[in-house]
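Asker: Working from the sequences, and respecting the hints, build out all of it.
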Amino acid sequence: MTAALGGLRADACVIGAGAGGAVVAAELAEGGMDVILLEQGHRHDPDGFTARPPQMLAKLYRDGGQTLTVGNPPIGLPLGRGLGGTTLVNSGTCFRTPAGVLARWQREFGLEVSEQSLRGCFERVERALSVSEVTPELAGANAAVARRGAERLGWSHGYLRRNARGCVGSGVCAFGCPTSAKQHTGITYVPRAKHAGARILTGASAERLIVERCRAAGVRAQLTSGVSFEVHAPIVIAAAGTIHTPLLIARSGLGSRSGQLGRNLSLHPATAAFARMSETVDMARGVPQSFYVDQFAEQGIVFEGIAGPPAYAAMSLPLSGARHAEAMSDYPRLAQLGLMVSDSSRGSVRSLAGRTLIRYDLDDTDLGRFRTGLARMRELFEAAGAREVYLPLPPGTEPDRARRRDLRLMAFHPLGTARADARAAHGVLDGDLRVHGTGGVYVADGSAVPSSLGVNPQLTIMALATRLAFHLLGKEVPCHS
Amino acid sequence: MRLLLALSRRRRGRSLLARVPVADELAQTLASLGRYDEPERARALGFDADAVIARGRALRRAEGRP
Chain Z
29 MTAALGGLRA
39 DACVIGAGAG
49 GAVVAAELAE
59 GGMDVILLEQ
69 GHRHDPDGFT
79 ARPPQMLAKL
89 YRDGGQTLTV
99 GNPPIGLPLG
109 RGLGGTTLVN
119 SGTCFRTPAG
129 VLARWQREFG
139 LEVSEQSLRG
149 CFERVERALS
159 VSEVTPELAG
169 ANAAVARRGA
179 ERLGWSHGYL
189 RRNARGCVGS
199 GVCAFGCPTS
209 AKQHTGITYV
219 PRAKHAGARI
229 LTGASAERLI
239 VERCRAAGVR
249 AQLTSGVSFE
259 VHAPIVIAAA
269 GTIHTPLLIA
279 RSGLGSRSGQ
289 LGRNLSLHPA
299 TAAFARMSET
309 VDMARGVPQS
319 FYVDQFAEQG
329 IVFEGIAGPP
339 AYAAMSLPLS
349 GARHAEAMSD
359 YPRLAQLGLM
369 VSDSSRGSVR
379 SLAGRTLIRY
389 DLDDTDLGRF
399 RTGLARMREL
409 FEAAGAREVY
419 LPLPPGTEPD
429 RARRRDLRLM
439 AFHPLGTARA
449 DARAAHGVLD
459 GDLRVHGTGG
469 VYVADGSAVP
479 SSLGVNPQLT
489 IMALATRLAF
499 HLLGKEVPCH
509 S
Chain P
60 MRLLLALSRR
70 RRGRSLLARV
80 PVADELAQTL
90 ASLGRYDEPE
100 RARALGFDAD
110 AVIARGRALR
120 RAEGRP
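Chains Z and P supply the protein sequences, listed in that same order. With the numbering used here applied, the first sequence covers 29 to 509. With the numbering used here applied, the second sequence covers 60 to 125.
Hints listed in this document are in silico derivations from the structure and should not be mistaken for laboratory results. We put the CB at the ideal spot given by N, CA and C, even for glycine. It cannot be assumed that every hint is accurate.
Unchecked claim - Here chain P is said to cover these stretches of chain Z; the calculated rule only asks that three of the stretch's residues, wherever they fall, bring their Cβ under 8 Å from a Cβ of chain P:
id, region
1, 72 to 78
2, 201 to 215
3, 338 to 350
Unchecked claim - If the Cβ cut is set under 10 Å, some of the chain P residues that face chain Z in the computed set are:
id, residue
4, G72
5, R78
6, E84
7, L85
8, A101
9, L104
Answerer: Okay, here's the thing in structure tokens:
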């Protein structure tokens, strides 16, 4: 069914209200452009949050939080859905893009980015999101366990920077912040965009981009009700996320020249271990992701805090049957820490019979990183005084003997499926994040990021979106410092 | 998901799931998630979801947060 929605016209149409789309929509609208922002999900009212993981997984995540990669091993890939995208359900960790990564982008992908050139973008985003370091008091006892272990071993560590204001450590970042302390884009940039006049349509799925004579002409979309409509705009910015943006571009018959569209999928595969301590930890009191250990970052291994309520802990505790029940009975004394790998494996995204297929196999190097990381994690917990350590491996399996199928993995931070490369033969986007060979079609999400970052990517995506917005406005990014 | 949970609750279903490790793991995960989400069980372990939400709501109202 096609119905007119009043002949929607705008200077720019942005698809997706997550880390990239919300930022670019707000900056463009405040810069004087007439903007339409399409979001497939809905606005989530904090009054509807319950702090109960099963209900919130179903409400705030794609596929109820059960999106899986196909490969060895299969990996869960949680993705947020709604105004705010994954920023609605992430832990709020904010890292600037490491200098070494930016240097690599210059060297290998011909991108004109550096710490200096992006500084204004980062500062602007950090101000907008109230980014600051977590205090030890707010971090809670779970972080204190990891800190004690790291200090005793002399390993490099620190408290994380987060986009939170007035956080009281509710402990349920991944299930909807009940205090609205987390400054996700749904309560920061989206309201700014609206205030500046942007029209925001939720429950609107982009079906394809409309391109005429190799130039953007708009977007064809459909509302949840089944009503189809078109937005006519000379600038279209795809920000549907690393998994769905390449599929949208492919459906539109664009971006295929380099052969890279949908390829180069980079993830941060991750796992988590538990420790049973003598002291009370109460892991759900405090900021779940507040502390990191980067002693092995050069090897692609970073530990980051992770925690949650009993239901969350129960689903990730690597035990079964009576042992699981017995350990859970001591939940107040359980501590947890996550292991995140900066991957060298690469996957792909494509559509198969209308379904999204995410293919990703862990390579030997990354398997080695998990083996090393798990052994180091046990060392850390033992140094912290753990009575027992529960590694995410089958009973009797030592880390150095772990096989791919032994690993219980989740993954976060998908990147790279429409990567930027100044050379049209090697990338989908040019250095300004425009689809090679197509005027007016841009990308502002993780799919543009050409390589693994080794750190949480939301700030990188937001900074690149800020850079893109000011490029489209033909203005310099204002300097705040 | 419902099918997996239903299978995990039956003896024959469990033996069927045991042949597919990924499905078995997912079923166990979902079952654990549901079991420890029960308010009384969670409260006994020190987590009161209602109290967390009430505190959040009070803070948002008091400080005019979104």
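Asker: Check each numbered hint against the structure and report the violated ones by number, ascending.
Answerer: Going through the list in order, the structure violates hints 4, 5 and respects the others.
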